[in-house]
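A.B. asks: Next come the chains, spelled out residue by residue.
Protein chains: 6
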Amino acid sequence: MLSENLEKKNAMMIKKSVERIIELALTEDIGTGDITTNSVVPENTIIEASFIAKQKGIICGLDVLLEVFAYLDPSVMCKLFLKDGDKVEEGDKIGDITGPAHAILSGERVALNFLQHLSGIATQAYVFSQLVADTDVKIVDTRKTTPGLRVLEKYAVKTGGGSNHRMNLSDGILIKDNHIKAAGGIAPAVKAARKNAPQTLKIEVEAESLMQVQEALEAGADIIMLDNMNLEQMKEAVELIAGRALTEASGNMDRQDLKAVAATGVDLISIGALTHSVKAMDISLKFR
Amino acid sequence: MLSENLEKKNAMMIKKSVERIIELALTEDIGTGDITTNSVVPENTIIEASFIAKQKGIICGLDVLLEVFAYLDPSVMCKLFLKDGDKVEEGDKIGDITGPAHAILSGERVALNFLQHLSGIATQAYVFSQLVADTDVKIVDTRKTTPGLRVLEKYAVKTGGGSNHRMNLSDGILIKDNHIKAAGGIAPAVKAARKNAPQTLKIEVEAESLMQVQEALEAGADIIMLDNMNLEQMKEAVELIAGRALTEASGNMDRQDLKAVAATGVDLISIGALTHSVKAMDISLKFR
Amino acid sequence: MLSENLEKKNAMMIKKSVERIIELALTEDIGTGDITTNSVVPENTIIEASFIAKQKGIICGLDVLLEVFAYLDPSVMCKLFLKDGDKVEEGDKIGDITGPAHAILSGERVALNFLQHLSGIATQAYVFSQLVADTDVKIVDTRKTTPGLRVLEKYAVKTGGGSNHRMNLSDGILIKDNHIKAAGGIAPAVKAARKNAPQTLKIEVEAESLMQVQEALEAGADIIMLDNMNLEQMKEAVELIAGRALTEASGNMDRQDLKAVAATGVDLISIGALTHSVKAMDISLKFR
Amino acid sequence: MLSENLEKKNAMMIKKSVERIIELALTEDIGTGDITTNSVVPENTIIEASFIAKQKGIICGLDVLLEVFAYLDPSVMCKLFLKDGDKVEEGDKIGDITGPAHAILSGERVALNFLQHLSGIATQAYVFSQLVADTDVKIVDTRKTTPGLRVLEKYAVKTGGGSNHRMNLSDGILIKDNHIKAAGGIAPAVKAARKNAPQTLKIEVEAESLMQVQEALEAGADIIMLDNMNLEQMKEAVELIAGRALTEASGNMDRQDLKAVAATGVDLISIGALTHSVKAMDISLKFR
Amino acid sequence: MLSENLEKKNAMMIKKSVERIIELALTEDIGTGDITTNSVVPENTIIEASFIAKQKGIICGLDVLLEVFAYLDPSVMCKLFLKDGDKVEEGDKIGDITGPAHAILSGERVALNFLQHLSGIATQAYVFSQLVADTDVKIVDTRKTTPGLRVLEKYAVKTGGGSNHRMNLSDGILIKDNHIKAAGGIAPAVKAARKNAPQTLKIEVEAESLMQVQEALEAGADIIMLDNMNLEQMKEAVELIAGRALTEASGNMDRQDLKAVAATGVDLISIGALTHSVKAMDISLKFR
Amino acid sequence: MLSENLEKKNAMMIKKSVERIIELALTEDIGTGDITTNSVVPENTIIEASFIAKQKGIICGLDVLLEVFAYLDPSVMCKLFLKDGDKVEEGDKIGDITGPAHAILSGERVALNFLQHLSGIATQAYVFSQLVADTDVKIVDTRKTTPGLRVLEKYAVKTGGGSNHRMNLSDGILIKDNHIKAAGGIAPAVKAARKNAPQTLKIEVEAESLMQVQEALEAGADIIMLDNMNLEQMKEAVELIAGRALTEASGNMDRQDLKAVAATGVDLISIGALTHSVKAMDISLKFR
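Chains F, L, Z, H, G and S, in that order, give the protein sequences. Mapping the first sequence onto my numbering, position 283 (from 1) lands on 283, and the numbers just tick up by one. Mapping the second sequence onto my numbering, position 40 (from 1) lands on 40, and the numbers just tick up by one. Mapping the third sequence onto my numbering, position 211 (from 1) lands on 211, and the numbers just tick up by one. Mapping the fourth sequence onto my numbering, position 28 (from 1) lands on 28, and the numbers just tick up by one. Mapping the fifth sequence onto my numbering, position 100 (from 1) lands on 100, and the numbers just tick up by one. Mapping the sixth sequence onto my numbering, position 211 (from 1) lands on 211, and the numbers just tick up by one.
The hints are simulated quantities; they were obtained by calculation from the structure and are not laboratory data. Some hints here could point you the wrong way.
The list cannot tell twin chains apart, which means a pair is met if one copy fits it or any two copies do.
[To be verified] In silico DSS-like links for lysine-lysine, alpha-carbon gap of 27 Å or less:
1) K286 - K181
2) K286 - K79
3) K176 - K54
4) K93 - K83
5) K54 - K286
6) K56 - K279
7) K56 - K87
8) K279 - K144
If you're wondering where the values come from, they're calculated on a predicted model, not measured in any experiment.
Please work from the sequences and hints to get the whole structure.
C.D. replies: In structure tokens form, the structure reads like this:
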């Protein structure tokens with residue numbers, strides 16, 4: 001399975017992030033109490049239900065789902081038939097849930113909101129990755145994520161088969177147009193980064209033309225972003241660089257022919273739409 | 001303008017919500033510091049830039065944008081030419097920003113992430129609302145929102161011309177299938193709600209058939225949700241109810257002919273896709 | 001028992017609220033450590049004690065008590081003989097507690113502070129409710145609660161046999177004098193509320209005269225508050241309304257003859273003193 | 001004025017405490033927004049109102065009131081005619097408030113809840129203190145405070161003319177019955193406290209009999225609490241102690257003749273009811 | 001063992017403090033994830049390792065170490081051969097640890113940072129205490145602690161055999177030079193403290209000359225700090241005081257001959273360097 | 001001046017970190033109030049004082065000092081004569097402070113605790129850096145920092161003239177002994193890192209022998225840590241690597257002849273003692 005090696009490796013800190021955002025999500029959804037359930041459902045009612053995929057895709061967010069119900073009531077029991085990264089078809093049963101009606105009914109919406117959102121991202125990452133599956137190109141995400149969900153959304157991208165670009169502004173150097181202007185050119189910008197930033201980080205430079213690619217190369221950039229270039233330009237850039245730096249294709253890549261982009265020889269293709277325009281995967285909780 | 005009366009009325013508590021989510025978003029994006037800007041850009045650099053719409057739509061989230069930069073550096077100056085709810089065409093200038101390069105470059109991504117997400121929702125709410133603009137029907141949202149962004153997303157729906165359903169589980173009673181089963185029928189469920197819940201809340205009942213509509217009506221429901229009914233069924237239900245309760249059409253409404261749904265005479269149409277499947281509006285920050 | 005159906009239904013979110021306020025209460029009471037116990041009591045001392053009612057009343061807050069000691073030391077064992085809502089007479093044993101002296105001595109005061117305060121409220125709610133027990137009138141609380149304790153105090157009111165009015169400003173519409181003035185009259189105020197607020201909320205209007213009652217009725221108010229009216233006025237108002245809206249008697253009701261108020265035919269009597277002027281119930285922890 | 005020297009000295013940290021509890025109180029009262037005001041009151045409405053005492057007493061909590069409105073909207077202007085500790089008669093105007101209707105209407109209840117609660121405590125502290133005003137006896141509070149409000153309630157006691165006992169378990173040593181048992185007697189308990197606790201704290205011992213008073217005295221206690229003794233016993237204890245330790249009368253002192261207690265010669269009288277059974281002072285906000 | 005009676009008595013609140021600072025320390029060290037371990041180490045790897053002392057000293061912080069790993073993964077098992085306060089020689093094994101490689105490798109640094117820092121303090125406290133072990137003098141700490149670690153560092157001082165001075169500004173009265181000037185002299189300062197502060201606190205006065213010692217004595221100070229006096233002055237001061245107040249030697253005491261200071265007859269010697277200039281004890285985690 | 005270009009670049013997020021740790025430090029130091037100052041110092045007292053260096057060194061932490069007093073009382077005025085990174089001699093005046101005695105006396109200790117600790121680190125970083133000032137070698141810090149102070153301590157290292165290694169586990173890859181064992185060798189470990197970690201991070205490998213250096217080189221490591229090697233070994237390693245990777249000398253470097261280490265040709269020397277064994281710089285606040 002795609003995410004086999006990945007899902008648990010990240011589990012530790014993801015769990016901590018999940019705790020906070022789950023608490024936030026439950027607080028905003030439950031408010032001062034689920035007045036309907038509290039008023040109508042007898043207190044000791046036990047119910048059973050199943051999570052069912054209503055469309056095909058890649059499942060992601062099952063650990064979050066478990067945490068949501070564990071947060072509300074540790075006596076809720078979930079039996080999952082799948083794990084993050086698994087493919088589902090319409091009608092597939094994802095897991096069963098049994099326990100106090102109060103906890104399950106009050107947590108249902110939040111659990112589904114997470115699961116549908118993250119599965120939507122994983123599914124899209126899978127689709128893009130499959131397009132270039134027979135090449136060495138990696139599909140990577142960006143910082144265009146939904147506020148508050150950065151860690152989870154990047155996890156979903158990886159679960160779907162994509163790779164992660166830097167997590168935030170402190171774990172990667174990316175010298176863009178404005179940094180270049182402010183520093184007085186690509187060469188001085190790269191020089192300043194090498195002097196002032198930790199040696200542990202590579203230096204990536206955004207280039208909008210072959211001339212800039214040439215400058216970045218001479219300045220010793222480790223990675224060169226080919227920004228908003230057409231296929232022809234990208235191909236020339238890759239030839240010019242000739243393996244002396246990694247190359248990243250960028251700029252509305254969700255609207256491009258990814259196979260063709262991959263054919264230019266770039267190493268990475270970054271796609272903002274992976275996380276900024278998410279279509280929730282249709283999943284429902286069916287009660288018995 | 002659409003949101004003229006609404007935008008500031010909600011401002012007070014939205015500002016408090018915004019503070020928390022902005023802090024969360026900036027923290028996850030900046031990490032321990034914007035290493036590129038800190039290493040490359042001279043400390044006293046002042047820059048100027050403009051927020052430009054790259055496609056047509058409804059702008060939403062300008063207050064959030066102001067807060068993002070105010071949080072990072074109060075000396076950043078923003079001059080907005082529009083307000084939340086305004087329509088923009090491709091190429092329209094939304095506002096200018098001037099100030100320390102460090103704050104503007106470090107805050108740019110988070111500010112845009114909010115603005116593009118909320119404007120995407122407002123634009124979609126506008127599109128749906130316009131379809132039924134010549135009727136009395138209200139387009140309303142659901143609880144299918146992105147975790148952590150409930151208040152802002154519901155604000156965006158209203159900004160675009162939609163209306164809000166209940167904000168969370170404590171400010172509205174909605175008796176669904178499982179509540180009905182657990183209570184032993186629609187009648188006992190409504191009776192329990194009337195006895196145990198505050199009198200200040202109306203009682204809404206989800207009905208999947210005309211028989212259930214009839215039961216809900218007899219039990220004294222204030223609102224009846226017509227769940228996953230076709231146009232014919234909705235029309236019959238509306239006739240049966242005859243004004244004795246409000247009616248809400250529900251169930252994948254984003255895939256329906258909303259004009260036809262409105263023609264059945266329902267009062268409300270609720271659409272989960274308004275917030276669970278958001279396409280970010282394309283907006284960029286152009287530096288001078 | 002009075003609260004039989006209620007106590008656990010609200011348990012889920014009350015537990016979360018309790019965690020926060022318990023942590024706050026323990027922090028403010030223990031400071032940097034219980035210096036007396038730490039200095040004087042040998043570390044492995046085990047003690048046994050019993051919670052004893054020193055006066056008659058209704059017990060409320062036992063779950064909070066359990067959480068206080070669980071927070072300090074999970075090895076503290078409590079055996080409760082009663083549950084929230086039970087009646088006690090002077091001298092009744094409420095429960096036994098056994099465990100490490102350090103946790104029990106350090107938590108004793110905070111546990112009692114909660115238990116005595118909430119039992120005081122439940123007892124008063126019981127007294128008021130009994131006065132009108134042979135009528136259909138409900139005794140309801142207000143927003144005049146102790147800062148930070150809203151959820152717990154409203155729970156205590158319900159435990160004692162009262163009912164809850166709205167929990168806060170977002171789950172109920174109550175148009176008061178100032179809203180009416182600002183909106184230009186009762187009719188436009190009600191119209192604006194119907195247009196701008198979610199349909200899930202009823203509209204309550206405060207009326208200080210029969211003329212205002214008439215206006216509220218014509219505007220379509222769902223509930224009419226009869227504010228500071230005498231018995232005669234209330235009776236006339238109820239007759240005028242004739243079941244077309246719910247009626248709520250309000251205004252220093254703790255000083256009124258509640259039986260006489262109930263006899264006017266109102267549906268609800270709201271009493272601020274239930275929560276703003278609480279007399280702690282006398283309860284002590286007796287060590288063996 | 002009573003509190004003249006005290007009110008500002010504590011202001012610094014009280015302000016920090018106030019920020020947290022005000023935020024908590026506003027959050028629980030406003031929820032996701034003041035739906036009535038937001039729906040009904042035009043956004044730019046400015047209103048004026050006055051805080052009026054509806055009964056005589058001692059005002060306390062004015063700084064909290066200012067913070068509540070400042071938190072909601074810094075443009076709200078308050079003009080106070082009194083300061084904490086001032087006496088009021090029924091009908092006295094406490095202060096004027098002018099500003100945006102939205103902030104004032106949404107904050108009114110929380111501001112009053114604080115002001116009425118703290119003024120109720122200050123008033124009661126004043127009443128008790130006046131009873132012994134011609135003696136050297138100090139009326140002191142206890143740890144029987146409302147959870148979450150410790151600092152504010154102790155401030156109110158001082159504002160009304162009382163004195164503070166220890167703030168929490170870490171800034172005072174009070175060896176009670178159970179500590180004595182666990183340590184094997186008064187002498188070893190005092191010895192352990194002297195050995196293990198910081199030298200900066202005095203050692204107080206609770207005595208229920210003259211024999212225990214004698215033991216405490218011999219052990220070198222700095223303060224001796226005379227617990228639940230009658231007037232005769234207290235007098236004998238004071239004579240026995242003869243100034244070698246401070247004396248504190250304790251145990252349902254709100255039901256005693258405080259003048260008679262003072263006449264026994266004790267130095268301190270501690271009264272739990274000062275904070276555990278508070279009657280809110282009647283104060284209202286009158287709009288013009 | 002030195003700390004035998006002390007270590008668990010403080011455990012309760014230390015555990016709460018530890019939770020917060022551990023979370024802070026892990027968050028700042030792990031960031032968004034241990035990218036090396038996550039990328040390189042297979043997910044189910046189990047490892048074993050031992051904590052080894054690399055120099056002689058007093059161990060302190062073992063409970064913190066346990067909490068660090070428990071926080072990351074409850075399945076990590078630690079077997080400790082020592083307890084806080086135990087002496088170690090170079091090469092001694094402190095404890096074994098077994099469990100998931102991911103949790104152990106990610107938590108190793110933070111656990112060691114705590115353990116080495118606290119053991120460094122305990123060791124230094126032990127060294128100073130041993131110098132005066134055959135006298136009645138107590139070595140006490142100050143408020144010159146590392147920001148955020150007050151409770152833990154004071155615990156380490158006690159673990160090493162020192163005693164604690166006041167924990168913070170609210171649990172001890174220490175009238176210094178500036179207080180004296182502001183109050184108009186030692187006598188009025190002590191008088192004001194006696195009037196305004198709780199009776200439960202002793203009054204300490206800082207004296208820089210014999211004249212000030214005399215004044216403090218006459219004012220009734222409970223403790224007199226002999227600040228920056230030489231041995232001769234201290235001796236005279238002790239004789240002057242003649243047991244009527246406790247005496248505390250203060251001022252760069254880490255550079256003094258502590259035996260000589262003790263010989264002057266002072267009761268306490270306070271040393272800021274105990275916590276403001278800490279040399280980490282060398283401890284390592286050896287993997288098998 | 002050393003830190004001229006650095007101090008403000010990091011200011012933005014450091015300020016946010018500072019807010020939290022300052023709040024924590026003030027809370028733990030002030031507790032429920034500065035009882036001495038509150039009891040003794042008249043409320044409107046204004047005082048003036050100067051921060052004086054009592055030994056030579058590099059000043060660091062002045063922004064933190066400003067924040068401490070701003071947090072307590074915005075009316076406190078500070079006039080600084082130096083900036084972070086400046087050299088001081090014994091007796092130099094660092095800055096003046098004027099304002100309310102209450103805020104200055106209550107904040108003095110916390111402000112000094114920060115300033116002395118950070119200046120101690122900056123001074124040590126300066127001393128080490130000067131030793132190799134005539135070479136290209138960089139002195140870098142480690143993750144052996146005081147819990148909770150990571151960001152500030154790394155800032156102090158940079159202020160003193162050192163450089164920063166990775167900030168935490170997520171912004172640098174460092175493959176150590178245990179990672180190598182778990183992965184089955186250096187080659188597979190580096191390969192896994194290249195596959196699974198973001199491309200933006202360089203890969204550093206810890207080598208304890210020349211054979212491991214060779215393996216790391218062949219595996220394509222970007223940086224090779226020469227761990228606990230003697231001068232001869234380091235020299236051989238540098239020759240072997242021949243510029244194909246950066247080299248970092250590590251292992252008790254504070255006890256080495258840094259000039260000799262630099263002469264081996266390594267690029268970086270990392271020193272844990274910079275932050276794990278800090279000697280506070282002596283600074284005092286002198287009142288006038």
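A.B. asks: Hints first: check each against the structure and report whether it holds.
C.D. replies: A quick look at each hint next to the structure:
1. K286 - K181: between (57 Å within a copy, 13 Å between copies)
2. K286 - K79: within (14 Å within a copy, 39 Å between copies)
3. K176 - K54: Intra 42 Å, inter 20 Å, cutoff 27 Å: inter-copy only.
4. K93 - K83: within (12 Å within a copy, 41 Å between copies)
5. K54 - K286: So K54 and K286 pass the 27 Å test inside one copy only (11 Å; across, 42 Å).
6. K56 - K279: So K56 and K279 pass the 27 Å test inside a copy (13 Å) and across (20 Å) alike.
7. K56 - K87: For K56 and K87, the Cα distance is within 27 Å only inside one copy (7 Å; across copies 36 Å).
8. K279 - K144: So K279 and K144 pass the 27 Å test inside a copy (15 Å) and across (12 Å) alike.
Going down the numbered hints, you'll see the structure goes against none, and every one checks out.
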